[in-house]
Structures are given as C-alpha cells and as structure tokens.
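Colleague: As a plain string of letters, each chain reads:
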Amino acid sequence: MTEALVEMKNISHSFGRAGVLHDVSLTINPGSYTVLLGPSGSGKTTLLSILGGFLVPRKGSVLIRGHNCTMMPPAKRPTTTVFQDYALFPHMSVGNNVGFGLRMKGVVKSERDRLAHEALVIVGLPEAFKKKPHQLSGGQRQRVALARALVVKPAVLLLDEPLGALDLKLRRQMQDELKIIQKQVGTAFVHVTHDQEEAMALADHCVVMNQGRIEDEGTPERVYAKPATRFSATFMGESTIIPGEVTSVTSTAISVNTVFGSFPIIATAEEGAKVTLAIRPEHMRLIRDSRSITFGSAEVTAVVFQGSFKRVVAASKTLSGPTFIAKIPATHEVAVGDTVTPCCHIENLIMLTK
Amino acid sequence: MTEALVEMKNISHSFGRAGVLHDVSLTINPGSYTVLLGPSGSGKTTLLSILGGFLVPRKGSVLIRGHNCTMMPPAKRPTTTVFQDYALFPHMSVGNNVGFGLRMKGVVKSERDRLAHEALVIVGLPEAFKKKPHQLSGGQRQRVALARALVVKPAVLLLDEPLGALDLKLRRQMQDELKIIQKQVGTAFVHVTHDQEEAMALADHCVVMNQGRIEDEGTPERVYAKPATRFSATFMGESTIIPGEVTSVTSTAISVNTVFGSFPIIATAEEGAKVTLAIRPEHMRLIRDSRSITFGSAEVTAVVFQGSFKRVVAASKTLSGPTFIAKIPATHEVAVGDTVTPCCHIENLIMLTK
Amino acid sequence: MRGLMKLFSAIYALAIYGFIFLPVVVLVVFSLQSTAFPIPPFTGPSTRWYEAVMNDPRLTSALFNSLAVAIISSVVAVALGFVSAWGFARFVLPGSAVMRGLITLPLTVSYLIIGMGLLVIFNMIGLPKNLIAAGIGHVVINLPLCFAIIYSQMGDHQINIERAARDLGATEWNVLWLVTLPILWPAIFASLFLSMTFSWDEFVISFLLTRFDTTLPVEIWNLLRSGLNPKTNAVGSLVFAVSVVAAIVLELILLRRRPA
Amino acid sequence: MRGLMKLFSAIYALAIYGFIFLPVVVLVVFSLQSTAFPIPPFTGPSTRWYEAVMNDPRLTSALFNSLAVAIISSVVAVALGFVSAWGFARFVLPGSAVMRGLITLPLTVSYLIIGMGLLVIFNMIGLPKNLIAAGIGHVVINLPLCFAIIYSQMGDHQINIERAARDLGATEWNVLWLVTLPILWPAIFASLFLSMTFSWDEFVISFLLTRFDTTLPVEIWNLLRSGLNPKTNAVGSLVFAVSVVAAIVLELILLRRRPA
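Read top to bottom, the protein sequences are chains A, B, C and D. In this text, residue positions in the first sequence follow the numbering used here: the first is 1, and each later residue adds one. In this text, residue positions in the second sequence follow the numbering used here: the first is 1, and each later residue adds one. In this text, residue positions in the third sequence follow the numbering used here: the first is 1, and each later residue adds one. In this text, residue positions in the fourth sequence follow the numbering used here: the first is 1, and each later residue adds one.
No wet-lab data here; the hints were simulated from the structure. No residue lacks a Cβ here, since even glycine has one placed at the ideal position from N, Cα and C. Please note that a few of the clues may not be correct.
Stated by the list, open to error - Below 30 Å or equal to it, Euclidean Cα-Cα: the simulated BS3-like pairs (lysine-lysine) are:
id, chain 1, residue 1, chain 2, residue 2
1, A, K183, B, K317
2, B, K59, D, K6
3, A, K226, B, K169
4, A, K354, B, K169
5, A, K169, B, K169
Said to hold, decoys possible - Where chain D lies over chain C, by a calculated footprint (3+ residues, C-beta under 8 Å):
id, region
6, 62 to 71
7, 139 to 149
Next up, chain A with everything else stripped away, as it sits in the complex (with noise of 0.2 Å):
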C-alpha cells in the first residue's frame, strides 16, 4: 500500500453558528483524482479551501507529506488552486501569469519562459503565450489557470467548480481533457463540482458529500452500483427508492418485505431493520421475462426522448408505492398513460441500510 499524500483528520469547522463540516476525514492517494461530489451547502468547497489553505478550521488537522500543515498560509503548502472564476492577472500575459509561480520562487527569466512554455503545451495552448488574458474564451482561461496551477509541480492540485463558468458541451470536452493531464502530469488532483456526470468520469476516488459529513466515498464504479447511502443512491444517478423491513435472517441471505411482497438478498442486516431497496434506472424493467421480480403495475407519467434510450417515469398503482424510474431502449415503443409492469432481475436490488 502506497502512503498517503494527504490525510485530513476529524475535520471540523463553522461560519457562525451554523456548521458545515463536521468530524469529516480523508485521504488522498498520489496520482490520484479525488472528486468532492455534493449539492450547494454540502461543505465541499469548504473542505477544499481548509486543504488550500484559505480558511483554517475549527478542529481537526491536515497533514501533506505527513507534515502538519493546518496553520500554514496558501503560499507555503505544497497545494495550488484553480479557482473557478480563473482568476487570471488580467494585466499580464498568459506567458507571465503562468511564469507567476516560478518568479515567485525566484527562477530567472529565460527558464520560467521555457517551463511557462511547457505547460502551455501540456493544455493545449502554447500559441497564446504572448496574449491578454481577455483576448481569450472561457475555455482557453480555464487551460492558462490550470498551467499557471501545474506549472510550479504542487503536491497536490486543488480545482474549485473549474468547468461550472463553461456550457454544456465545453464542459464535457474540457472534462476529458483534464482527466488526459491529469494522468499526464502524475499529480494528485482534488477536484469539487455538483454535477454527478462530471464526477463519475473524472474520479478514480469519489466523495459524495452532505450536509457537511460524508456520505460515501469509493471508486465510481463502486459508489454508482453499491452506493452507501439512500443520499448517494438517489444523488449519484437516480433510483427508484422501496423502502422495507427485514424479516427473517439467515447465514447467507435475509428477506425483506415491501409493499410489493417479500424478497431475498444475499446480505447481512439484524431482523426488524428498516432499510431501502433501490433500482438504477437501467435496471428497471418494463416488460418481464422469466427471472424477473416485479412490483405491482403502474401508469407511465411521462417519456423523454434521450437519443439512445427513452426515460420513462411511472406511478406505482399500489397504495404508497414509489414512482418508477427507468431507461428503456428507443425502439420500445411506450406512451404517458399506458400501464406497465415494473419489474428487475433480483440482483440487480441494492440495499441500502442508511
């Protein structure tokens, strides 16, 4: 096992009265790419500016390197920023905002220049190095902050909503490009961001934050098909969300009961727990085959075309049943007020305990 580039212990802290972090620890792997997933208000940006340096908090530590480094100012950690308003220096040109760093560290012209230069490249934007940052787009500042970040080799680089300034489509290219020098430049990168798409193609660790704690962390893959929390299950791509009660317990499997009837799961729980079923929406099926399991039947309430799949949302017939969640084929012809019968294979119901 690798030792951690950066462990954040038991970290606490509040504006005001009102909490927003509480008790939270982490840790960052080298080469890594962490993502901080959560809502507006779910203390990841709080927790970056902790780790940046910005703010320092209430309780807890942070060590880089296994040096402490909770009271240390943003100049002397081995962590730099990119902000999401990029916050270029509007008066100099690409070339000395990203030289910034190194002449900070006292490096002489024509080297900052050649490594200024590199880093360019490694964005994709060597071409702009004599220009003002307001000759360029979104897009190109976003790449000039992240070379300007890159280029003084911190240990750990911290990017804050970097693509939310961007439209939808920039975003999705600019998200693959990052993950490219990412794995280029071997640098651990710590990234926040509300949008669970991003999180899931970026990361290779994520964090799925709430209110403050943290809700799930794991690789996507694991949070997406296993995810820890009814939060995660339905914030991390959606679900359609079954609450239960186990019944009976055995060593190898348990039974729960819904208002569908009872089902068995190859997991662990104390009987009497109430727990939540969930379904992803590929999963959910709308049409039954031999080893389906099925819940009731329900109306469809809407059909969003989506290119390869149609979304379809339906209403559980049954008294306090869930609203239905599923990706179909495009080919499946379906309309709003049809009755279909939800159904999934048995191992494709996560159970969620919190």
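Model the placement of chains B, C and D on the given structure of chain A, informed by the hints.
Modeller: Chains B, C and D in isolation, oriented as in the chain A frame:
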C-alpha cells in the same frame, strides 16, 4: 391534415453584410412543440425574433393563422415571448406581472387576478402571487415568465433559450415541466436551444439549424435515427463518421466502398456519389458477433464511466480511419491502450448524402 | 502581529475620519458658542446664534430662495436628463459614443468657467442677474449628472423588460408610464436629490448670476466678509445639516435598491 | 411618423447640447475678440488677450501655484484614498458599511462649508492662510472621491486574484506591487486625474484659505471684480482648456479599460 398555424416562407435576413438566414421556410402546426436546435450563430434566435415581431426580415413573409404578420409589431401579434433573462417587471408583484398582458387588454382587476392565479397554478407557483420577482429563485422566475406569457392565450408561445440560465439539474427538471405544461394548455410552443438533450426531450418537431439554414427537421426520433445531413448526425447526438463512395447500384440496394471495404446498404444513390456512413455510439460494439461487420482494429484512447454505461473513444489503426465512439455497458471491462475490434450490425449503418 | 496591524489600521482610520470631518465638526461645535468669538474655550452650548440667524430677514429669505432654486432647477434638470438618457438608450445614432462623452464632459468643467460663460451670454441677450439666471446655471451643471446617473441604469436588461411589455400589448405610453419610469424611479430619485444638494450648496454661479435676491451660500459669503463669527458658523451648520440629510436619504435609496 | 420622431430627436439633442455648451463656447469665442468688450459683433480672432494674460506676472505665477497645488494635493489624496480602500476591502470591521457611508458623505457637502470649517480650525491652530492650507483643503474634498472610485474596483474577483497570487507563493509586498496596484492602475489614474481637475477648478476653498500667493481661479475672480473683459475670458478659456484635456484623457482611460 390540420391547417398550419404559422407559415414562415422564404425568410432571409442579414445584419450589416453578414447573412444570418438564407431562404428559410418553416411550418408550425397547432398544439405542437417545435424546437429550433443549433449552435450559436446558426440563426435560430433571429428566426424566433422574426416570428415574435422584434425583427422585420429582409425577405420573406410570416403568416399566422393565415394572416400576413410580417410587418406587424409584437404588441399586435398573437405571439408572446419568454425571454432568456425572464424580463420580469421588478417593481410589480408576481400577480401583477402575470396579469400585465390582461391589463393591456382592458380586463378588469378582479378578473385578471383570477386568471393570473389560474396561470400560476398551471406553472405550480400559486403561493408566489404576492411576492416580488427578486424574492424568487431562478427556476421560479422562469415559471412566472411562462405564466405571464401564457395568460394572454397566445396562438404561439416563443421561448428564447428559456433554461439557459439554470443549472443542469434544475434545467432537466424544468424541461420535464415545460413539456407537461405545453400538453396541458395545448398552445403551440416554439423553443430555441443549443442543448440537444433538451431538444430531444421536448420536441414534437425538431428543427436542426446551422449557418442560417435548416439542416433537418422532423420528429426527434426520426432526426436521431435517420439524420438527413452529416451536421445533424454529429450535432444531434454523436456519431462515428466513415466516408465512402457508391460503387454499385441495384434496384433495392447500393454498395458503399470505404477504407474498411464495401458494405451493402438498402438505399438509392448514384454510382460514384461521395457519401458518409454514420454509426450511433449505442450501436457501435467492441465485441463482434455473427451478424457484425467490422472496421479494422482500433486503440482505446479514452474510457469515461457514466453510471449506466461507459463511453469509449478509440482511434482507428487503419490509415485515415475515423475516431470510433461507442457506448457500452458499464460491466464491460475495457481500458485505455487496449486494442479493440469496432463493429456494428449492418442495419445500424446510416447513410448520409450531405 | 495581527493585533499590531489592527491597532495601526484603527489609528489610520481615526486619522482619516478626523481629517475629513474635523472641519465640519469644528464648524458645528463653535456655532453653539455662547460668546462672540469662534475660538476655544468652548463657552456653549447655546442656540443664541441660531436665533440670530432666524431673526435675520436677509438670511431667511435667502434660505427660501435657495430652496426654490434647488427644487425647480433640479426638477428641470432631471426631466431633461431623463429624456436625453431615454433617447440615447432607444435610438442608435451615428457617433453616439462621442455624443455620450460630450454630454457628460461638463461634469469636470469648473463652475467658475460655466458661470463666466453664462454671464457673457446673459449680458448679450439682456437677461438680468436674478434667481432665474442662477436657476438656469444650476440646470446646466446638473443636467449632465442626471443624464449620467439615469443612463447608467438603462442596460440591456431594462430594454428586454420594455420589449416584454410591448410584446404583451403595451403602447409606448404604457411602457413609459407602467414600466420604464417605475423601474428607473430609484435612479431618478437619486439624481433629483443629488441635483438639489448640489444646487443648495452651489456658490460661484449663484454669486455671479444674482444681484439683489440671492441664495444662502451667497449670503454666507457676504457675512464672511466681516470675518468669522458664531453666526456664520450657525448658518453654515444649517446648510450642512440640510446637505447631510439629503445625502443620507440618497444613500438609503441606493442601499434599498440592492436586493432588487 | 418615424421620420418626424427622428427630426424631433435631432432638434432636442441640438437644444440640449447648445444649452450645455453655449456658455463655454461663448466664453472661448469672445476671448478671441480683438477689441476691449466681450459683446457682439465678434471682432477677432486675435490672440491679443492671451498675450496679455501671459505677460501678467500675477496670472502666470497663479497658474504655477494652481498646478503645484493640484498635483501635490491629488497625489496625497490618491495615496490616502488607496490605503483606505485597501483597508476596507481587506478587513471586515464592525459597522464597516456605516464607515464606508461616512467616508463618502463629504462628497455632497458644500465646498463653502468645508472651507469655513477649515478656516475655523486653521485659525485655532495658528496655521496661516497660504497655498499649503489650500492644498490641505483640496485633499479633504478629493480624498472621499478617490476612496469611492478605487474602492468600487475592489470586488470579489479582485480578491480572488490576490488569493491566487498568494497561493502561488507571493508575499504581501509582491501581491501589492505586482498584482493589486497594476490591476487598479486605471482606477488610480482616473481618481488622480479627477482630483487634479477638481483642484485645478476649485475656487471657494482656495479663496478662503490663501492670502498673497493664490491659485488661478482666485485671480480670475479678482479680475472679474473690474467687470467682464476679453482678458478674463482668455484666462477662463485657458482654465477650461486644461480641464477639457484632463477630462478627455480620463474618458480615454475608462474606455480603454472596457475590454479587459
């Protein structure tokens, strides 16, 4: 066949010397949801402004319910517009905002309050009646603007990038609501956007625009499944593009020669014609089966996890071969650097002549 | 280190505020002097000199003159400024950037120069020196300011709001009355208040363009010729008090606008 | 209809521009008069009266005094205004909204009142009437303006830019010198120019606080006592010309900023 509600005939327009619309004709049916989809500069907003009466076209005519409205000012047209910045009256309560159009028509206060309240119920905001616009969130202001435009019962409601100022999550939610409201009130909506997912989700009739011309129009399902031009194959959803030439023509099929060999296609074309084959990412496979046609071999350059699927980009190893884009199930193991065999079923080849 | 920094900041702030406010504070304090000389020791507080001001018919009539000139000239300046700003925002004229520059240029021209110019013109056309002449002078100096303030509020968003009103069937008159004016109301009110304050405070133009009936600053000037005394301080303090009230009202209007 | 509207607009524009510019145009034209009275008919153009101004040692020395007071007082006002604005933007102090209001309040107080207050203070502390006293007066009137202009440019974006510099290893000194000052340069330059223009044009405070050596507006005033003549017009035109040049430079700076 129902009579057309709006007919725009041979519209041309230019700002200064730059032509922005070139001989565009468009028909809008009663009760339909028409989406004008295109990149910025495609002329979609200009076309909407001409329909709304804010611009008089250089050439061509606008007929609404059979009356020529080309020169008619916005106040006299049976159209209302929902502006991108909402353009609510900041000094009036929400109720008075919504009732403004009725006030201009001389409807008495009690009656217009009643109708404004009804319109607010339709958009799901009856409790905001007495509030001021600055007390509302972006999504709520959007609804008020919609109610204000709906309450005067226009023949056509025009929406100018109505969701452009909202964040992604709210955007998808408002998009579903817009569709529901349109079906409920039955008014024809014309909606401008550059977001293809929004267009597919909302449109009954999708109009793809590029450089001042209509590239393709029809139901989103048709435009997606059988795009008319290369532009609409790549702008409305992604495609892998393989250029080719028609080599032999029979009465029922043609043969198209590409760098990957000849493929038989059921279509008509002249021998020697340059054509383009497009394959949608969900039809592109990386594992061949008995019915597959293959496209040489390719090296995977990017794998992006997207929850329910993985998006794989692969560069062809064949000289002047294309970039393959495939959406494959999330469970399928593939990594950057792997060599794969891109393939698809013959019926999923889309032939484009433009 | 941080404490020292704070101490230093506090001292600096105190010095700056003292520097700016000492003159008017001293003026106000010594207007309350009960003896005849505005020098320490402070012998008040006494309202003796304020009574003297109120009993001086020249000063009280000058006060009413000042108010009349301030109100009338400001209303005229705001009305003309609004129409100009509206015109600029609605019609794209050739060279309108230059024209906009020209209209605000007088903001940096000396009142003395404007006063002299007006004096020359009024001499030529035979307009006698009186309060009307001074009022015209105040319109000339305040119109550019009113224009600049109102114009600055007429952005693209405002134009879209007016388009929305027209789209919903409003006539031009309805747009002006129900939409444009109410939305620009804070800017109009602010420029009216600022104009009134400037007119109320203005001395040079009033001095050059009036003769018998005149404004309060000119009367203060006449009093000052006989040297500083608590009576000049008292009337100066009154002028100051009116300005301060106007300025506070103005800042409140501007602050209230924020949330909208 | 549309044509009539345009004609009406054109007439209105002409009237407004005439109204604002007529005073100074008349002033400048009749300064070129070759005879001794600034009334029609126009007998020039002649530079006779400009020569007379240049040969008047009182006026030329007043011109240099004016320049010296304008430059020195403006530099001081800008420096103090910058430090104040920086302090406000950096430290969140209790009641800082009120303090910000206070610091800009004097913008609406009459120069006459400020001049009187300074006169009272200088009397008390025994500072004689001279150009230094006038310069201090000009700092008092211009400091709030410099503060307001510079502070208005110190938004959140500016603060983030400074954070970025610190994050990249810059010391406070580096931040100030390499980032804050260069970015605020247009605002600093604008407030310097505006201060110089106001000081250059200012009459009341200079009149109250100087005695023997004085500034150009005060000398013009002295000339005016003997009535209007082309010489007063000539020196007035000179003052105006300097103001206009300053105003144009200022507008160019502000225009150049736009794209950034």
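Colleague: A separate judgement is required for each hint: does it hold in the structure or not?
Modeller: Each hint tested on the structure:
For the given pair, A:K183 sits about 23 Å from B:K317 by alpha-carbon distance, which is consistent with the 30 Å threshold. Straight-line distance between C-alpha atoms of B:K59 and D:K6 comes to about 25 Å, which keeps the hinted pair within the 30 Å bound. Proposed proximity of A:K226 and B:K169 is supported: the alpha carbons are some 23 Å apart, at most 30 Å. With a C-alpha separation of about 24 Å, the suggested pair A:K354 and B:K169 falls inside the 30 Å cut-off, and the hint holds.
The suggested pairing of A:K169 with B:K169 holds, with an alpha-carbon distance near 15 Å, which does not exceed 30 Å. Residue count for the region 62 to 71 of chain C with a Cβ under 8 Å from a Cβ of chain D: 0. That is fewer than the three needed, and the coverage hint is violated. Against chain D, the region 139 to 149 of chain C contributes 4 residues with a C-beta closer than 8 Å to a partner C-beta. That satisfies the three-residue criterion, and the hint holds.
Checked against the numbered hints given earlier, this structure breaks only hint 6.
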